[in-house]
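Trainee: All chains, please: the whole structure from these sequences, using the hints.
Number of protein chains: 2
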Amino acid sequence: MNDTRSKGRRSRRRGATGADSSASFAQRPFTKLKQTYQPVAVASEDQLEAIHQASLRVLSETGIRVLLAEARRIMREAGAEVDESTEQVRFDPDLIMEKIATVPSEFTLHARNPEHSVVLGGDNVVFDMMASAPNCSDIDRGRRTGNQEDYRNFLRLAQMHNILHVLGGYPVEPVDVHASIRHLDCIYDYITLTDKAYCVYSLGEDRIADALEMTRIAHGLTMEQLREKTCLFSIINTNSPLQLDIPMMQGVIDLARMKQAVVITPFTLSGAMAPVTIAGALVLQNAEALAGIAFSQMVNTGAPAMYGGFTSNVDMKSGSPAFGTPEYMKAQHVGGQLARKYSIPYRSSNVCAANTIDAQAAFESVFSLWGAINGGANMLMHGAGWLEGGLCCSYEKTILDIDLLQMVAEFLRPLDTSEDELALDAIGEVGPAGHFFGTAHTQARYRDAFYAPVLSDWRNFESWKEAGEPIAIQRANAVWKQRLAAYQAPSLDSAIREELDAFMAKRKAEGGAATDF
Amino acid sequence: MNDTRSKGRRSRRRGATGADSSASFAQRPFTKLKQTYQPVAVASEDQLEAIHQASLRVLSETGIRVLLAEARRIMREAGAEVDESTEQVRFDPDLIMEKIATVPSEFTLHARNPEHSVVLGGDNVVFDMMASAPNCSDIDRGRRTGNQEDYRNFLRLAQMHNILHVLGGYPVEPVDVHASIRHLDCIYDYITLTDKAYCVYSLGEDRIADALEMTRIAHGLTMEQLREKTCLFSIINTNSPLQLDIPMMQGVIDLARMKQAVVITPFTLSGAMAPVTIAGALVLQNAEALAGIAFSQMVNTGAPAMYGGFTSNVDMKSGSPAFGTPEYMKAQHVGGQLARKYSIPYRSSNVCAANTIDAQAAFESVFSLWGAINGGANMLMHGAGWLEGGLCCSYEKTILDIDLLQMVAEFLRPLDTSEDELALDAIGEVGPAGHFFGTAHTQARYRDAFYAPVLSDWRNFESWKEAGEPIAIQRANAVWKQRLAAYQAPSLDSAIREELDAFMAKRKAEGGAATDF
Chain A
0 MNDTRSKGRR
10 SRRRGATGAD
20 SSASFAQRPF
30 TKLKQTYQPV
40 AVASEDQLEA
50 IHQASLRVLS
60 ETGIRVLLAE
70 ARRIMREAGA
80 EVDESTEQVR
90 FDPDLIMEKI
100 ATVPSEFTLH
110 ARNPEHSVVL
120 GGDNVVFDMM
130 ASAPNCSDID
140 RGRRTGNQED
150 YRNFLRLAQM
160 HNILHVLGGY
170 PVEPVDVHAS
180 IRHLDCIYDY
190 ITLTDKAYCV
200 YSLGEDRIAD
210 ALEMTRIAHG
220 LTMEQLREKT
230 CLFSIINTNS
240 PLQLDIPMMQ
250 GVIDLARMKQ
260 AVVITPFTLS
270 GAMAPVTIAG
280 ALVLQNAEAL
290 AGIAFSQMVN
300 TGAPAMYGGF
310 TSNVDMKSGS
320 PAFGTPEYMK
330 AQHVGGQLAR
340 KYSIPYRSSN
350 VCAANTIDAQ
360 AAFESVFSLW
370 GAINGGANML
380 MHGAGWLEGG
390 LCCSYEKTIL
400 DIDLLQMVAE
410 FLRPLDTSED
420 ELALDAIGEV
430 GPAGHFFGTA
440 HTQARYRDAF
450 YAPVLSDWRN
460 FESWKEAGEP
470 IAIQRANAVW
480 KQRLAAYQAP
490 SLDSAIREEL
500 DAFMAKRKAE
510 GGAATDF
Chain B
0 MNDTRSKGRR
10 SRRRGATGAD
20 SSASFAQRPF
30 TKLKQTYQPV
40 AVASEDQLEA
50 IHQASLRVLS
60 ETGIRVLLAE
70 ARRIMREAGA
80 EVDESTEQVR
90 FDPDLIMEKI
100 ATVPSEFTLH
110 ARNPEHSVVL
120 GGDNVVFDMM
130 ASAPNCSDID
140 RGRRTGNQED
150 YRNFLRLAQM
160 HNILHVLGGY
170 PVEPVDVHAS
180 IRHLDCIYDY
190 ITLTDKAYCV
200 YSLGEDRIAD
210 ALEMTRIAHG
220 LTMEQLREKT
230 CLFSIINTNS
240 PLQLDIPMMQ
250 GVIDLARMKQ
260 AVVITPFTLS
270 GAMAPVTIAG
280 ALVLQNAEAL
290 AGIAFSQMVN
300 TGAPAMYGGF
310 TSNVDMKSGS
320 PAFGTPEYMK
330 AQHVGGQLAR
340 KYSIPYRSSN
350 VCAANTIDAQ
360 AAFESVFSLW
370 GAINGGANML
380 MHGAGWLEGG
390 LCCSYEKTIL
400 DIDLLQMVAE
410 FLRPLDTSED
420 ELALDAIGEV
430 GPAGHFFGTA
440 HTQARYRDAF
450 YAPVLSDWRN
460 FESWKEAGEP
470 IAIQRANAVW
480 KQRLAAYQAP
490 SLDSAIREEL
500 DAFMAKRKAE
510 GGAATDF
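So the protein lines, in turn, are chains A and B.
Counting along the first sequence from 1, when you hit position 162 you're at 161 in numbering that gives the first Met the number 0, and nothing is skipped either side.
Counting along the second sequence from 1, when you hit position 274 you're at 273 in numbering that gives the first Met the number 0, and nothing is skipped either side.
Hints are computed from structural coordinates only; laboratory data are not their basis.
Keep in mind that a hint or two might mislead.
A pair counts as met if it fits within one copy or between any two copies, since identical chains are not told apart.
Only pairs whose alpha carbons sit at most 20 angstroms apart, straight line, appear in this in silico SDA-like list of lysine to any residue [unchecked claim]:
no.: 1; residue 1: Lys-316; residue 2: Glu-461
no.: 2; residue 1: Lys-316; residue 2: Thr-85
no.: 3; residue 1: Lys-464; residue 2: Val-174
no.: 4; residue 1: Lys-340; residue 2: Ser-43
no.: 5; residue 1: Lys-464; residue 2: Thr-144
no.: 6; residue 1: Lys-316; residue 2: Arg-458
Bear in mind the structure is a predicted one, so any value in this text is a computation, not a measurement.
Mentor: Given below as structure tokens:
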């Protein structure tokens with residue numbers, strides 16, 4: 000990134016608010032995080048190969064049902080065997096391997112503020128705000144159906160926190176906005192309330208076309224130029240087991256053609272839509288991911304695609320999905336190993352099944368983070384806010400997760416063992432039975448030596464009791480309100496805003512997109 | 000272990016209760032856990048070498064103050080340079096390396112029930128019950144000073160839960176028992192209320208002698224035989240920085256001579272008793288650990304010793320110790336790397352600074368577990384119960400931690416990718432858009448397919464709300480009461496009990512141990 004150039008480009012703005020509300024509280028700058036340490040291998044090389052081979056067998060023997068005729072046509076032309084009567088498509092292993100070989104091992108996802116662009120793949124780690132909750136909550140007002148006001152507030156929080164690199168989708172679904180124009184309003188809010196990169200939904204050609212046009216405007220590009228610059232991504236879920244539906248496949252076609260990124264994510268719940276064994280669920284996940292990723296390359300060789308892992312288990316008593324379980328962690332690790340085997344960027348998630356922010360919410364989330372980080376995830380979806388297995392985005396959980404993500408980022412900061420950090424002089428100076436508080440070595444460093452947590456209460460029991468025994472969720476409640484109050488919109492070139500406004504007016508006048516899905 | 004022999008040996012018991020209350024609820028059997036995956040390297044080889052060399056320099060240049068004259072004498076005879084005026088002892092790097100080379104890389108810690116013996120070192124992982132809290136709490140009765148009733152209850156819970164392999168010390172200090180005889184009562188309770196291996200405190204020669212005698216009786220050994228069988232261990236804390244106190248060094252002498260295990264654990268709080276940099280704190284930790292471990296070998300070549308890592312950071316605003324922080328995690332990992340470099344078994348901990356069982360308690364604990372497991376810990380002290388930076392052992396936290404440890408154990412169970420687990424037949428049978436609930440593959444496995452959590456509430460929001468919105472700490476409260484009520488003492492040979500009782504009576508008549516420490 001060229002700071003001078005980016006500043007120059009934005010210098011012509013008029014009426015921009017120009018604020019940086021991320022400076023309204025103490026936090027680390029927006030940083031490109033790296034996988035500092037080697038990911039952990041949960042599967043041996045032989046086991047990985049066994050899963051890989053089994054998933055290729057699934058694709059060649061059973062195949063996958065593809066509901067979109069155009070997708071089947073593209074697959075057939077690429078060499079797949081298509082049975083039109085069952086809509087099932089079978090792939091030769093060589094075809095799959097040849098296609099996935101052209102996926103870029105890393106790519107840049109551009110934000111309209113180039114300082115917020117991120118690299119996906121390689122040893123990069125990117126954290127996303129939570130996405131797609133139908134409900135939201137805070138402890139003052141309780142749980143409610145998603146709406147535009149809360150939607151916007153979550154975008155504001157995502158914008159303000161440097162640890163959230165990307166918008167992974169709508170943090171909460173604003174169901175008070177009519178579905179025909181919801182995508183327009185939501186993307187408009189993405190662009191005006193934040194300057195980070197974002198995810199759009201694959202809900203048909205019209206919506207994707209609108210998203211591309213608005214993104215083109217936001218970035219000040221021609222459509223030709225957008226085709227050379229990945230500025231958005233879309234999550235492509237399979238209908239496990241072994242089915243690819245129409246809007247998702249349409250999304251792959253429309254986005255891959257424009258060189259925008261698709262994140263193929265099978266939702267393989269072990270015991271329900273996937274086999275009850277983790278190895279079996281991974282075979283299914285891998286088969287579906289490979290089919291979707293290979294398809295993106297059939298559409299446009301070299302288009303950016305990611306391998307999404309979302310395998311978890313269900314509660315066999317109730318059928319409820321579980322998250323942050325030992326089984327989920329294992330699947331996260333092996334998913335990462337598979338993605339690295341194919342040199343494809345890997346997506347995982349920060350998820351839990353808890354209904355409130357108690358110990359369960361925290362341990363399930365940290366187990367998810369453990370699995371994602373040691374599993375080598377390049378992009379962590381649902382980084383902040385996720386509650387209730389994804390059915391609710393919580394203001395307080397957003398703050399808790401931001402704290403957790405910041406701690407993970409701190410853990411990933413490489414150990415410094417330079418001469419001065421080894422502190423031999425300080426150790427010699429203090430000697431036996433002394434204290435380091437007063438040393439010059441400590442005095443020079445104490446302010447920034449350690450991560451300063453957002454929520455942790457490190458007072459002793461007596462002081463904590465006297466303060467009314469506050470628990471983490473209460474502290475989080477105070478924090479989000481305080482921070483949100485300091486929000487200011489990022490600057491936006493007024494010419495861009497005018498063009499966006501005109502497009503919005505036109506599309507709304509046309510009635511937006513059809514809602515017959 | 001030879002089950003037949005051990006059953007034969009215990010067959011002569013009379014009046015034994017013979018119960019196994021660990022069967023009163025569903026849990027995995029007592030299992031020898033393994034580090035299934037490669038530990039994570041936080042330090043590069045060069046960085047590790049830099050820390051190692053720096054700590055050798057500390058030991059040769061500044062040295063360490065040793066308060067016990069006999070320890071200085073042993074060190075001088077082994078070749079160390081002793082300055083009697085300052086009580087400082089300096090060690091040549093070659094002397095340190097030569098001494099630590101004789102530490103066994105793994106050893107068996109024997110329990111009186113041989114089925115509960117554990118191996119420490121190598122790729123073994125052992126979990127201990129929490130130790131040494133001055134207070135305890137539950138949500139019914141609140142927080143209170145440690146006492147014998149609670150002490151015994153925690154032992155009972157530790158005995159009942161197969162995931163807790165070892166007693167790491169007194170879960171809570173029974174201060175209502177006079178200090179002169181507390182060790183007698185506590186060890187008697189270890190032996191009679193549990194049949195697991197345990198930790199004794201290094202609080203002077205008399206107490207160690209009593210512990211050895213009681214352990215000899217419990218195992219049915221002669222003192223000669225005990226010298227060949229490691230049946231207990233003691234935590235040896237250094238007085239950081241760079242000081243070894245009298246009872247701790249006496250403990251090393253008395254235990255190493257008897258081939259009982261010492262766990263040398265510097266309490267190097269970065270920013271307080273250790274440098275404010277993690278690298279510097281690790282240099283100090285390593286110097287102190289190496290000095291203590293080398294000393295154990297000067298006392299008795301080949302005596303079992305462990306490398307204890309406890310480096311954390313303090314809150315630089317208040318000086319309070321913090322736990323489960325990113326800095327703590329880094330130190331845990333590097334501590335493990337150092338221990339493995341020396342082929343010495345490694346001890347870490349499950350710790351937090353929270354005052355109650357909220358999200359903070361859970362995330363700090365899981366971060367600690369992450370650091371311990373990926374750091375390659377062989378023994379996890381304070382596995383269950385730890386709250387308030389160690390100032391309180393909580394009944395509810397005990398249950399939460401047991402759940403967490405069980406999940407970690409589940410994560411460590413090797414992935415199974417056998418033909419049947421890959422589920423190719425089931426995937427083919429279900430085909431596109433089907434469901435796995437009803438398949439034979441699922442039906443044959445669903446009962447034990449996944450870890451069944453103790454505390455997690457996986458109901459949907461509506462059902463959970465209707466049930467009164469229970470949070471994890473409330474569920475934990477119900478669980479410990481229910482489980483504790485089912486406790487039954489493990490069997491104990493009545494001849495052993497009589498011998499123990501006689502010893503107790505004699506020592507109590509003698510007034511126990513001096514309390515002038």
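Trainee: Of all the hints given earlier, name the ones this structure violates by number, lowest first.
Mentor: 2, 3
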